[in-house]
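In order, the protein sequences belong to chains L and C.
Numbered as in this note's numbering, the first sequence ends at 560 without a single skipped number.
Numbered as in this note's numbering, the second sequence ends at 1205 without a single skipped number.
Since the hints were made in silico from the structure, they are not lab data.
Among the hints, erroneous ones may be present.
[To be verified] Here are the simulated distance ranges between beta carbons: (1) C/LEU1172 <-> L/PHE146: 27 to 37 Å; (2) C/TRP974 <-> L/GLN427: 52 to 62 Å; (3) C/VAL1033 <-> L/CYS422: 13 to 23 Å; (4) L/GLN418 <-> C/SER876: 46 to 56 Å.
[What the hints assert, rightly or not] Per the computed footprint, the stretches of chain C lying under chain L, defined by three or more beta-carbons under 8 Å from a beta-carbon of chain L, are: (5) 1038 to 1051; (6) 1073 to 1079.
[Said to hold, decoys possible] Here are the simulated lysine-lysine pairs, DSS-like style, with alpha carbons at most 27 Å apart: (7) L/LYS555 <-> L/LYS323; (8) C/LYS1062 <-> L/LYS396; (9) L/LYS372 <-> C/LYS1044; (10) L/LYS540 <-> C/LYS1044; (11) L/LYS500 <-> C/LYS1046; (12) L/LYS384 <-> C/LYS1062; (13) C/LYS1069 <-> L/LYS396; (14) L/LYS317 <-> C/LYS1062; (15) C/LYS1069 <-> L/LYS384.
Heads up, the beta-carbon is just placed ideally off N, CA and C, and yes, glycines get one too.
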Amino acid sequence: MYIIEMRGITKEFPGVVANDDITLQLKKGEIHALLGENGAGKSTLMSVLFGLYKPERGHIYKNGEEIRITGPNDATRLGIGMVHQHFKLVHNFTVLENIVLGVETTKNGVLQMKDARERVLALSKQYGLEIDIDKEVGDITVGMQQRVEILKMLYRQNEILIFDEPTAVLTPQEIESLMQTMKGLAAEGRSILFITHKLDEIKQVADRCTVLRKGKLIGTVDVPTTSKEELSEMMVGRKVVLSLDKAEAHVGERILEVRNLSLKNKGSEKNKLTNVSFDVNAGEIVCVAGIEGNGQTDLVYALTGLTPPDSGTVTMMGKDITRMGIRSRGKLGMAHIPEDRHKHGLILDYTLAYNAILERYYTPQFQTCGFLKQGEIHAYADRLIERFDIRSGCGADTVTRSMSGGNQQKVIVGREIDRDPHLLIAVQPTRGLDVGAIEYIHKQLLKQRDEGKAVLLVSLELEEVMNISDRILVMYEGEIVADVDPKAVTYQELGLYMAGAKREVGR
Amino acid sequence: MKKRRFSGESGLSVLSSGVAVIAGLVVGLIILLITDASQAFPAFRSILTFGLQSSRNFGEVLFFATPIILTGLSVGFAYKTGLFNIGASGQFTFGAYVAIYIGVEATFLPPAIRIIASLLGAMLAGALWAAIPGLLKAYRNVHEVISCIMTNWIGIFLVNWLILNTIFDAMRNSTRHVPVDANMPGWGLGAFFQGDALRPSSVNSGIIVAIVAAILVYIILEKTKFGYELKACGFNQNAAKYAGINEKRNIIFSMMISGALAGLAGALHFLSGAGITMNVANVLAPQGFTGISVALLGLNNPIGIIFAGILIAYLHLGGFQMQLFGFVPEIIEIVIAVIIYFCAFVLLIKLFFANRAKRAPLPDPPVSAGPPPGEGMDPPPDER
Chain L
54 MYIIEMRGIT KEFPGVVAND DITLQLKKGE IHALLGENGA GKSTLMSVLF GLYKPERGHI
114 YKNGEEIRIT GPNDATRLGI GMVHQHFKLV HNFTVLENIV LGVETTKNGV LQMKDARERV
174 LALSKQYGLE IDIDKEVGDI TVGMQQRVEI LKMLYRQNEI LIFDEPTAVL TPQEIESLMQ
234 TMKGLAAEGR SILFITHKLD EIKQVADRCT VLRKGKLIGT VDVPTTSKEE LSEMMVGRKV
294 VLSLDKAEAH VGERILEVRN LSLKNKGSEK NKLTNVSFDV NAGEIVCVAG IEGNGQTDLV
354 YALTGLTPPD SGTVTMMGKD ITRMGIRSRG KLGMAHIPED RHKHGLILDY TLAYNAILER
414 YYTPQFQTCG FLKQGEIHAY ADRLIERFDI RSGCGADTVT RSMSGGNQQK VIVGREIDRD
474 PHLLIAVQPT RGLDVGAIEY IHKQLLKQRD EGKAVLLVSL ELEEVMNISD RILVMYEGEI
534 VADVDPKAVT YQELGLYMAG AKREVGR
Chain C
822 MKKRRFSGES GLSVLSSGVA VIAGLVVGLI ILLITDASQA FPAFRSILTF GLQSSRNFGE
882 VLFFATPIIL TGLSVGFAYK TGLFNIGASG QFTFGAYVAI YIGVEATFLP PAIRIIASLL
942 GAMLAGALWA AIPGLLKAYR NVHEVISCIM TNWIGIFLVN WLILNTIFDA MRNSTRHVPV
1002 DANMPGWGLG AFFQGDALRP SSVNSGIIVA IVAAILVYII LEKTKFGYEL KACGFNQNAA
1062 KYAGINEKRN IIFSMMISGA LAGLAGALHF LSGAGITMNV ANVLAPQGFT GISVALLGLN
1122 NPIGIIFAGI LIAYLHLGGF QMQLFGFVPE IIEIVIAVII YFCAFVLLIK LFFANRAKRA
1182 PLPDPPVSAG PPPGEGMDPP PDER
């Protein structure tokens, strides 16, 4: 008997079968990992379970009885709760208000918050989920926001809990405590579905693991008896080298020189950036680590010209580019893989081919006398598709909106690397990608480095930071608080820098 | 594969536009039945058939279609680039004034040159008038809908004042007549569409200008580097900026081109040789707003806009004939408005067909799940 059983689920979208005859069986009290590359169909499957999509075929059973889920309200009624990757919280409500939102107790139309408060405090204490109950959600840390999301599910007495990539935004210490919480919840009989692509985390907490690949079910395995290598092979379909072969860096001339960069925050005393100074040299990968929202975005905007800084200078290859336009920076040899591929990186309503030429459409290669050379553009896009293994429904003519996140990212990465830059600024280039794609992008970054390019990588993933970088800069509240060698620093130390608990002396 | 996808997609557009028109006609008929059941059917027949009863009538349809095709292009072009130009009315009025002024006053120019000068002057006037909301949007982030509405009214009053002080004909409370030889030439079109009446219809070379303009707009948007930039700004201003495109400049250019098209509409309307002059009245030019319907019905596609403009002109002309059956103009306007209103549902209907086609077990499913973006009826989203 399974608490939730999804049997033979098939869900098609135009041109793709997102789920092809998938069966997922969740036992009561287990932590069940759902592993798969991007576009493998994990999110689709969970959306079916949550009632957001109606599958073409297949049935869902709860405790052996068939159930019909037509919307999130049904899911909640059946005791299914979900912590979404991007939290669904109201920022100007307090923690308490967020937790009771939607299930408020009222008496004659008046809210009864006192009972709710007691229940929330009791739950918080019982599960060790520490919260500031009266603070506005906009003012608390990401880690605490996640605890609020978990409490939301517990408050609704959900017994099936879905965690969608929950560790992406957390520090190592926070991840550790989340893992403990998950174990505790499972121990008292709740069932957890844990969507992830981080093999370490699966090994750490999960009992069983279901692997999807390209919409198909590859299998369900017992985690303790399966190695990481086996798991990744199931996921990717081939052997994956989990550790990177990295040659020694051959550091060359200075490419980027940043001095005393500051950016004010309108309406606040605190600066977004305060006196940021560092260099990036040819032939090295410098990594900016830190928890999301500590000024990394503003730093990149200042370097790439999206938002000019208030003071300080940016010099690239001996030229002062602080006030230079974005296109001129590109011509000087700066390429930029942006943090938000939907906001900056792509024009989603353009085809793959049109996005491939986004920064170069005006060059003689792609236009003559103001007319676009469609043939050239297509040929170029096809080359990019070939070289970077970009998969899409209709090749170069695919509208990028309809592509999976990983393939959208490959379009951007391919396009930027193909510009043959002197300086590559890559902001979370592997965010939301699967092991295969991450491996590929890491190799590309290393190749850039070995070819004598300067690479500035902004990443939230500590493992990525440790594995790939030649130098680590840690940002905390708009300042660089550490400049360290990855070989001489531990995860724990980095975590402390990132949380602002430690500062490198002498800066 | 590529070809089929394309034909499937545009087939769907034509189908949904057709259904929208038919639904609108049915509701229009119901209103007629409620108002006066005995005359409803003959009146309705006149809406449906009048435009085709003789070639002369069709010539009139083309004559009425000329300005609204251009205002439709004006709105549609702006929409493709992410702007909602509700100010076509004011740009139309400004263009019309400059065209008439040149036609009346620039007698030192030979007629053929004067016509060209009128058209160019009208386009320039429309462009400059539209540049104001463009500049405000680009540099002050003022939403173009607000500033366009304001420039509409400012335009009307300014033009009234200009007429009173320059080319005013006090007898008729309007502008003076443009001499016949400074109007758009007929190129035999009026005689070609004259039917049995032995009296040429008002259609003239203006309709050719409108169609050429539509084709040019199509080429600019789909084939050129400039169109690539403009649409990029329209779809995603942030990504356009990231790509090094000067998005402020593009907003201004886009508004100016849009305004030039509306200004040209004004010129062609008043230089048609049909003896229309511009009255001094505090009324916004309706062609500017009809242009919004035309653009919607044509799904913002320049070629679709040509047909949408002709269709709406056809309905208007047939509608006028309903007066013969005792319907007051207000009811006629309501019926036409209802039809146009239904046309706005075209996207909804398209979505419906797209979903049905998706569900049906077709070997070759349509590619787009939703309506193609950038062809919506909502004003384009402001930058987030």
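Hint check results:
Checking the proposed 27 to 37 Å range against C/LEU1172 and L/PHE146 shows it holds: the Cβ atoms sit about 34 Å from each other. With their beta carbons about 44 Å apart, C/TRP974 and L/GLN427 fall outside the hinted range of 52 to 62 Å. Under the hint 13 to 23 Å, the C-beta atoms of C/VAL1033 and L/CYS422, about 20 Å apart, fit the expected range. At roughly 51 Å, the beta-carbon separation of L/GLN418 and C/SER876 lies within the given 46 to 56 Å, and the hint holds.
Check result for the stretch 1038 to 1051 of chain C against chain L: holds, 6 residues qualifying (beta carbon to beta carbon below 8 Å, three or more required). Interface restraint, the stretch 1073 to 1079 of chain C with chain L: violated (0 residues with C-beta to C-beta distance below 8 Å; minimum three). Pair hint L/LYS555 plus L/LYS323 holds up; C-alpha atoms about 20 Å apart against a cutoff of 27 Å. Using a Cα cut-off of 27 Å, the hinted pair C/LYS1062 and L/LYS396 holds, with the two alpha carbons roughly 10 Å apart.
As the CA atoms of L/LYS372 and C/LYS1044 are separated by approximately 36 Å, the hinted pair breaks the 27 Å bound. Simply put, L/LYS540 and C/LYS1044 have alpha-carbon atoms about 53 Å apart, too far for the 27 Å limit, and the pair is violated. Only pairs whose Cα atoms come within 27 Å are accepted, and L/LYS500 paired with C/LYS1046 is rejected, the gap being roughly 33 Å. In summary, the hint linking L/LYS384 to C/LYS1062 is supported, as the alpha carbons are separated by about 15 Å, within the 27 Å threshold.
In summary, the hint linking C/LYS1069 to L/LYS396 is supported, as the alpha carbons are separated by about 18 Å, within the 27 Å threshold. This hinted pair checks out: L/LYS317 and C/LYS1062 have alpha carbons roughly 22 Å apart, not beyond 27 Å. Taking the CA atoms of C/LYS1069 and L/LYS384, the gap is near 21 Å; set against the 27 Å cutoff, the hint holds.
Violated hints, listed in ascending order, are 2, 6, 9, 10, 11; each of the other numbered hints is respected by the structure.
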